[in-house]
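Guided by the hints, dock chain Y onto chain R, whose structure is given.
Protein chains: 2
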Amino acid sequence: MSASKLYLAVVGVGGVGTAFLSQLASLPFKLRPTLVFVSRSSKQLYTPSYDAVSVSDLQASTSKLLSLFELVNYLSSAPGKAILVDNTSNQDVANAYPSFLRKGISVVTPNKKAFSGTLQLWNDIFDAVESSDGQALVYHESSVGAGLPVISTLKDLVSTGDQVTRIEGVFSGTMSFLFNSFAPADGTGDGSKWSEIVAKAKEAGFTEPDPRDDLNGMDVARKLTILARLAGLKVQGPDSFPVQSLIPKELESAKSSDEFMQRLPEFDGEMEGYKDEAAKAGKVVRYVGSVDVAAGKVKVGLELVEKGTPIASLRGSDNLICFYTKRYGANPLVIQGAGAGGEVTAMGVTADLIKVVERLR
Amino acid sequence: MSASKLYLAVVGVGGVGTAFLSQLASLPFKLRPTLVFVSRSSKQLYTPSYDAVSVSDLQASTSKLLSLFELVNYLSSAPGKAILVDNTSNQDVANAYPSFLRKGISVVTPNKKAFSGTLQLWNDIFDAVESSDGQALVYHESSVGAGLPVISTLKDLVSTGDQVTRIEGVFSGTMSFLFNSFAPADGTGDGSKWSEIVAKAKEAGFTEPDPRDDLNGMDVARKLTILARLAGLKVQGPDSFPVQSLIPKELESAKSSDEFMQRLPEFDGEMEGYKDEAAKAGKVVRYVGSVDVAAGKVKVGLELVEKGTPIASLRGSDNLICFYTKRYGANPLVIQGAGAGGEVTAMGVTADLIKVVERLR
Numbered sequence: 001m002s003a004s005k006l007y008l009a010v011v012g013v014g015g016v017g018t019a020f021l022s023q024l025a026s027l028p029f030k031l032r033p034t035l036v037f038v039s040r041s042s043k044q045l046y047t048p049s050y051d052a053v054s055v056s057d058l059q060a061s062t063s064k065l066l067s068l069f070e071l072v073n074y075l076s077s078a079p080g081k082a083i084l085v086d087n088t089s090n091q092d093v094a095n096a097y098p099s100f101l102r103k104g105i106s107v108v109t110p111n112k113k114a115f116s117g118t119l120q121l122w123n124d125i126f127d128a129v130e131s132s133d134g135q136a137l138v139y140h141e142s143s144v145g146a147g148l149p150v151i152s153t154l155k156d157l158v159s160t161g162d163q164v165t166r167i168e169g170v171f172s173g174t175m176s177f178l179f180n181s182f183a184p185a186d187g188t189g190d191g192s193k194w195s196e197i198v199a200k201a202k203e204a205g206f207t208e209p210d211p212r213d214d215l216n217g218m219d220v221a222r223k224l225t226i227l228a229r230l231a232g233l234k235v236q237g238p239d240s241f242p243v244q245s246l247i248p249k250e251l252e253s254a255k256s257s258d259e260f261m262q263r264l265p266e267f268d269g270e271m272e273g274y275k276d277e278a279a280k281a282g283k284v285v286r287y288v289g290s291v292d293v294a295a296g297k298v299k300v301g302l303e304l305v306e307k308g309t310p311i312a313s314l315r316g317s318d319n320l321i322c323f324y325t326k327r328y329g330a331n332p333l334v335i336q337g338a339g340a341g342g343e344v345t346a347m348g349v350t351a352d353l354i355k356v357v358e359r360l361r
Numbered sequence: 001m002s003a004s005k006l007y008l009a010v011v012g013v014g015g016v017g018t019a020f021l022s023q024l025a026s027l028p029f030k031l032r033p034t035l036v037f038v039s040r041s042s043k044q045l046y047t048p049s050y051d052a053v054s055v056s057d058l059q060a061s062t063s064k065l066l067s068l069f070e071l072v073n074y075l076s077s078a079p080g081k082a083i084l085v086d087n088t089s090n091q092d093v094a095n096a097y098p099s100f101l102r103k104g105i106s107v108v109t110p111n112k113k114a115f116s117g118t119l120q121l122w123n124d125i126f127d128a129v130e131s132s133d134g135q136a137l138v139y140h141e142s143s144v145g146a147g148l149p150v151i152s153t154l155k156d157l158v159s160t161g162d163q164v165t166r167i168e169g170v171f172s173g174t175m176s177f178l179f180n181s182f183a184p185a186d187g188t189g190d191g192s193k194w195s196e197i198v199a200k201a202k203e204a205g206f207t208e209p210d211p212r213d214d215l216n217g218m219d220v221a222r223k224l225t226i227l228a229r230l231a232g233l234k235v236q237g238p239d240s241f242p243v244q245s246l247i248p249k250e251l252e253s254a255k256s257s258d259e260f261m262q263r264l265p266e267f268d269g270e271m272e273g274y275k276d277e278a279a280k281a282g283k284v285v286r287y288v289g290s291v292d293v294a295a296g297k298v299k300v301g302l303e304l305v306e307k308g309t310p311i312a313s314l315r316g317s318d319n320l321i322c323f324y325t326k327r328y329g330a331n332p333l334v335i336q337g338a339g340a341g342g343e344v345t346a347m348g349v350t351a352d353l354i355k356v357v358e359r360l361r
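So the sequences go chain by chain: R and Y.
So in the UniProt record's numbering, spot 196 of the first sequence is number 196, and the numbers just go up one at a time.
So in the UniProt record's numbering, spot 9 of the second sequence is number 9, and the numbers just go up one at a time.
Next comes chain R alone, as it looks inside the complex (with noise of 0.2 Å):
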């Protein structure tokens, strides 16, 4: 059966969201479904008879706006089985999955917030998947480690009866960069303090606009949450288990991105402690999260990492991910490579997409 009879609603042409449609644009005739529903914040297009349409012309589009409740609407009266690419980081849109997916309607989405929020909507998503017998599919590649693929392989070692004893890496692009900056295992740094090297890579666009968005921790404890849940533990949420953030107690109270900023450099020796500390001990500091998943217990923050180990020689901005399970012994499955940005954020939704496509039609 042709893809052409199954129906595409994409939400979010962001930077991810434009490379996905570009991606999309080149997958071959019998792959790629039918585009009938696309959006942008403040702008929908669309056609009541399930026309195909082009993002060229969502900036003059003059359809009403729906509601997401008006969209499962709208998809589930598709004349054939709809999918939903969700390409923002909006918790509404994550919150209505259950709703999608329980009128049979496929979630291929990057966004973190619906598996990384509360277990009720976890079990809501995962239990409508399993209701629908086949018919109403998610896939959430790009949610940890962007087109890497993390999810799939931690999916394929728990259904074939693996024990995922331990995860363990480094799960955040700006984190990386930092401290490869800060504290390179080579001993390459240019000795930039701290609050410079975050500054830098501020201007660089290699932290969110607001770097606290990065330095809290959050991004990285989100992941984690989404890992520890697929080896089978019940977290609760992000901020059920100790993160650590780097935003300094004293500097939580700065009303703008530019006031803490300007004021962070006034933590630099703290920085400088972890580094020297690290350096007696022969290691270097970096930013980790780890899933015990025997002892049931997830952590995010600073450790003191022996050189030569793969995490502490990254490179760039790269990720990196250790699979410790029973099957793989003493040395595990490691994944490494860019963990963010567009294009290979939009790699994991299409390969999702095409996934999905193939099951469906």
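Please keep in mind that the hints were generated in silico from the structure rather than gathered at the bench.
Mixed in with the good hints, there may be bad ones.
The list makes no distinction among identical chains, and a pair is therefore deemed to hold if it is satisfied within one copy or across any two copies.
[Claimed, not checked] Lysine to any residue pairs mimicking SDA-like chemistry, simulated, CA-CA at most 25 Å apart: (1) Lys283 / Lys307; (2) Lys234 / Phe29; (3) Lys275 / Gly308; (4) Lys299 / Glu270; (5) Lys64 / Ser131; (6) Lys113 / Glu130; (7) Lys5 / Ser132; (8) Lys155 / Arg359; (9) Lys155 / Arg361; (10) Lys283 / Glu272; (11) Lys249 / Ser290; (12) Lys326 / Ala25; (13) Lys200 / Gln244.
What follows is chain Y alone, placed relative to chain R:
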């Protein structure tokens, strides 16, 4: 739909086959096809009415032996879709894949022979898949790197439109073990000679029964053939590009594995030479395979590798595969871990089977 309306034939119950059957037995009912045929070299077990069979009855079976041609007919007459799991490394079974696929029977296998044989066989297999319109599938994750997500990752990169420029790595657990022991990057080696390390590895079961089957490089060449073809190169076969054999010319005529092992020490000086040459340049010697996609070149052999790189730092018998692509830029997507062993090879097979069941049911 329940997977019990899918019919499964398992050929080969050696190390991988036994581990696979044990993983299969642990799958949830809805993912577990009905096992209707199981065989080892001289025994087969099946019933004319496609009843479920158990491998524990194989030894005592009196079923009349079916030829491959007869097996194709048996499975294509099953009252539902059928799947062949080939856990052998047999060329004849591999040659029959197109016959199975053309009759709508899906194939899941760790057997490298089909995908690294003639280009004609490769084309016959994928033409049959293509023209089945999603009814006959072929999955072969464990044909490279056992259960590591190598094939699936490369397919995702290609199918989403990334340009793979170079694939490089250590593709043999045996070669990895031999060189990590012979010339460890951290200088912890015990000074053992090459022939001593090969002998120790043979005793420990880390090599094929005849170590020449590892040392000739053909296993690595077969894997590179598969990856190069998936990346788009029309490679004629594993003997169509340079493969450096570690069997000394003078020993090619050795009549037995014993004679070979007895005379191998005569060539310890040569291997020591490579090691010293590398050490002088601050490097280590490793057995590396690479595909230069742009230049259309594949090669396999000894290389002097910079210390501190992932390849030089490998431990134990780990494999390591680097994908350099346009999207991933300067730092490759890297996958690392055990690339051999019954349990992890079977894991790739079982994970593939689950994907086939999810698509067919």
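Hints, verified against the model:
| no. | hint | verdict |
| --- | --- | --- |
| 1 | Lys283 / Lys307 | both (5 Å within a copy, 18 Å between copies) |
| 2 | Lys234 / Phe29 | between (41 Å within a copy, 24 Å between copies) |
| 3 | Lys275 / Gly308 | both (16 Å within a copy, 21 Å between copies) |
| 4 | Lys299 / Glu270 | within (21 Å within a copy, 50 Å between copies) |
| 5 | Lys64 / Ser131 | neither (33 Å within a copy, 43 Å between copies) |
| 6 | Lys113 / Glu130 | within (20 Å within a copy, 38 Å between copies) |
| 7 | Lys5 / Ser132 | both (19 Å within a copy, 18 Å between copies) |
| 8 | Lys155 / Arg359 | both (17 Å within a copy, 16 Å between copies) |
| 9 | Lys155 / Arg361 | both (23 Å within a copy, 19 Å between copies) |
| 10 | Lys283 / Glu272 | within (14 Å within a copy, 33 Å between copies) |
| 11 | Lys249 / Ser290 | within (24 Å within a copy, 50 Å between copies) |
| 12 | Lys326 / Ala25 | between (42 Å within a copy, 18 Å between copies) |
| 13 | Lys200 / Gln244 | within (22 Å within a copy, 47 Å between copies) |
Hint violations for this structure: number 5 only, all remaining hints satisfied.
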